[in-house]
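Undergrad: Dock chain to chain to rebuild the complex, using the hints, since each chain is given by itself in its own frame.
Those protein sequence lines, which keep their order, are chains A and B. When you line the first sequence up against my numbering, it's residues 320 to 492, in that order. When you line the second sequence up against my numbering, it's residues 64 to 445, in that order.
None of these hints come from the bench; they were simulated from the model. A portion of the hints provided could be inaccurate.
[Said to hold, decoys possible] Estimated spans, in silico, between C-beta atoms of each pair:
{"#": "1", "chain 1": "B", "residue 1": "Asn-431", "chain 2": "A", "residue 2": "Gly-434", "range": "36 to 42 Å"}
{"#": "2", "chain 1": "A", "residue 1": "Gly-405", "chain 2": "B", "residue 2": "Asn-178", "range": "20 to 26 Å"}
{"#": "3", "chain 1": "A", "residue 1": "Glu-463", "chain 2": "B", "residue 2": "Gln-344", "range": "32 to 38 Å"}
{"#": "4", "chain 1": "A", "residue 1": "Ile-477", "chain 2": "B", "residue 2": "Asp-286", "range": "57 to 63 Å"}
[To be verified] Going by beta-carbon spacing under 8 Å, a handful of chain B positions derived as facing chain A:
{"#": "5", "residue": "Val-68"}
{"#": "6", "residue": "Trp-180"}
{"#": "7", "residue": "His-236"}
{"#": "8", "residue": "Thr-337"}
{"#": "9", "residue": "Val-340"}
{"#": "10", "residue": "Gly-414"}
{"#": "11", "residue": "Asp-416"}
Here a beta-carbon is modelled for each residue, glycine too, at the ideal position from N, C-alpha and C.
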Amino acid sequence: MIEIRFHGRGGQGSVTAAEILAKAAFKDGKYVQAFPFFGVERRGAPVMAFTRIDDEPIELRYQIYNPDYVLVLDDGLLNVVDVFSGIKDNTEVIINTQDFEGSGEHVVHSIDATGIALDLLGRNIVNTIILGYFAKKTQLVSIESLIEVIKETFPGKIGELNAEATKKAYEMG
Amino acid sequence: MIREVMTANKAVAEAARLAKPQVIPVYPITPQTTISEYLAQYVADEKIDAKYVKVESEHSAISAAVGASATGVRVFTATSSQGLMLMHEILFAAAGMRTPFVLADANRAISAPLNIWNDQQDSIAQRDAGWLQIYVENAQEALDTTLMAYKISENPKVLLPSMVCLDGFILTHTVEPVEIPDQEPVDEFLPPYKAEHAFLDPKNPMSIGNLADPDYYLEARHDMQVAMENSIEVIQQTCDEFAEIFGRKYGLVEPYKTEDAEIIFVAMGSLCSTIRVIVDQLREKGEKVGLLKIRAYRPFPVEAIDEAVKNCDKLAVIDKNVTFGIGGALYTDIKAKIHKDAYGFIAGLGGRDITPEAIFEVYEKTKNVPEKEVTWIGLKED
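Only chain B is shown next, with the shape it has when bound in the complex (with noise of 0.2 Å):
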């Protein structure tokens, strides 16, 4: 094991390279390109033997990820924002054809306007894909929830690909120590992966993700709604299993000050490190106050999130995202089945910068009652 300061890209494509994929199809895009960098160099340094696949789009990145993985061999890529969006038609094919690999996305604004800088709706936009999507934090939790992606995915009751969200620049560009765990550890706690139930292999043909019609189709997408109800118990045994070994736990969901608050942050991915900030300043003030970081937004873990809000009167929910016409996704969700008094707060979108005044200003306006629903945060009004 060695510490290093190093980017969460850079702390992706260790991972990456831990698990031992064999097949790696990727095409760069800003800011996920170091990944696709990292991963090439690896590659031609025999550090991961792995084919990379230079594809001329994502489309084509994808497309050789789920046939790769179709043969039954672990597969990672990477993309961000108008990538992922190009890869969204063969997203839905990758879980329809059960294909369990990881993909990290850097997330990105979506165009138009034209934007490089973070947010998070381009991995929100592929929410209903049937993949898994986990935010993470920082640059050691992406790495640690890249190798818990492919577990999650591999194991028979999920067998669904994995969708790894880290903040684009905040995360991606940032460096900070990270712990690389060893080889045989890892070996340990994911071994080479082995397709027992449908995979390509020619000595025992078969087809996958052909027509279904009306007789076969509502099954085959009811078995997507089991495979992600069991991810909840998969997700949270790996979890279990990673801390045993690696000693860093994590989980569904992360409460923080939450068992006697009164008004609970509800928040995904970096904005959570700082929001814990506020909250001991908030804290220090007498405020009762938490925050609920959620890891997993898809499985959407409705009974861990009810356990750590039963005692709050009030939640405050930031989304990164917008769904037009009604607010965040995150919020939406949180409405839809958290029976708590949930208000809205779109903030951060297009990489503007969510400072801590923004975040006093969500719980100011969450403490008195917000007028509206859904509030924007730090718009300029003229």
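Isolated chain A (complex conformation) (with noise of 0.2 Å):
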């Protein structure tokens, strides 16, 4: 089982973007769940959302306490919530951001996503196209059934706009 544990801010799509992800790799033939940290979400305040990947059926029902991923889609966040918590040896942390340096102690893979955001979509929506860099990063799963979510969630233009960014951090990763 993979265990994805995303961290941003209310009104940035952590929540979608941690079931566009569940919902692509159920496409490319996975089991899977996707859910938000229960509670109150007001604009602005650090928000985690959940995905688990398998080839089973799944059955926990806890939050993710040890994850083998994680996305970060505000590096501001870095200095207000422990971004690495209870993660492994082995967990991978991809970071938006234009200036982080890793500490050498993590996987870490930073990604200029504003950037794609701010040039292609025009607004600071980073959600789908940090999910375009981990489809490359991680092979988890496939950018045409990312791509084909992002259009299902985001019908018309948007969905467009967003599928383009996605790619071009998919060529990125």
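TA: What follows is the structure in structure tokens.
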């Protein structure tokens, strides 16, 4: 089983990202589960979301404490919450940042998803973009399924633009 | 038939759509809200040919549900927590008037202190209302049970309303794969409701639920007891019929590796999933352990429980509710009716995450005989 934890801020689409990833993996033939950190979501406040992916039906019904992957949508959170909490030796962390330098203790990938978002979407919304990078780096989900689910989730022009931005991040992975 | 990734709330709304209710009175409350939103959308899109009644409170929602059901039509409603508390008075009227509709409860803690997270105190507090209560473990079971609940409630031997209890957030806000049946097999399984006994019809006026003096009231309540006893067999029959058409098997209870188990966990709802994984892990270490999932809490399926636990030594009963001064409701029922050494554990109140460590702790304590009959798990001591 693969366990993924998302860190973001309320309004950035972390929960949507967790669900899109689950739906894409489901299209690839996997069993999936995605859920938010249950609580009162406020715009701008730190939030978490979780995705589980497996070849077997998933029967775990508690939060993810020891993730295999951590996706951080906003590097400002690094000063606010411990995004490395509970990570394992082989956990990989992907951070949306322009200037983060890894501490050397953990496997950290950085991608300037904000740059892609501002360039292609005109807004700093990075939830689908970071998934594109994740898909390439991990090969846990196909880019085809990811793009399909993004277009289903956001019909019309917004979906097209998000798909394009996600593909760009995939190529950078 | 299609398979999609969705929340249990959407699965329940899909079940309600497939059941073709004619009246849907509903009032939103976290974490039930998306059920009421999906149903409003389905009615607006004409996917359901129903009257969607917007009401000013849950007391009105349930009152409208009873009134509509008393005219002999199929009715669906849903609520949670404080909403169910506000319905309390009318829940008894619904059962006493023998209106066989279905209510989905997104299980959530009760104030005070204010808490929107999951436990099962809200529905447990309604256990004596005369409703059937079935607790579900995942989104698929939420959908399937909602469909079965109509068939069970509408059975002439039962004619009591049903509450489908699904854990708030843990199920209502978690997406997972769900199979949505086609309308045709659902119609075959669940034909339109046809009220044949007492119902309101202008052409044949009668009144329902009016004064019953001491010469009659006792008999009316006894009839409800008989109906609840009858529902045991009806639930099993309905589950069998459902399995024949849809291929998914359910029962009053679901035993897992209980046959040779020395210790059996007993629990309700989504928690059973995690326990099953822990049972497998303990079995790998040579521990003889099993799980008995209670689906039907009312009626309380004593024979089915007896059969499942007959070979074991001890029961570890986990409750997400508390009856202050005595223990969890499931634990006290087990103690009253099942002649085994049973130990009670209170866990997960107000959304406290029930981790594998918590379940291992329940097992270890049960194995070594707990100091107290009822133990609170995960309690911070300071």
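Undergrad: Broken hints, numbered, in rising order?
TA: Going through the list in order, the structure violates hint 1 alone and respects the others.
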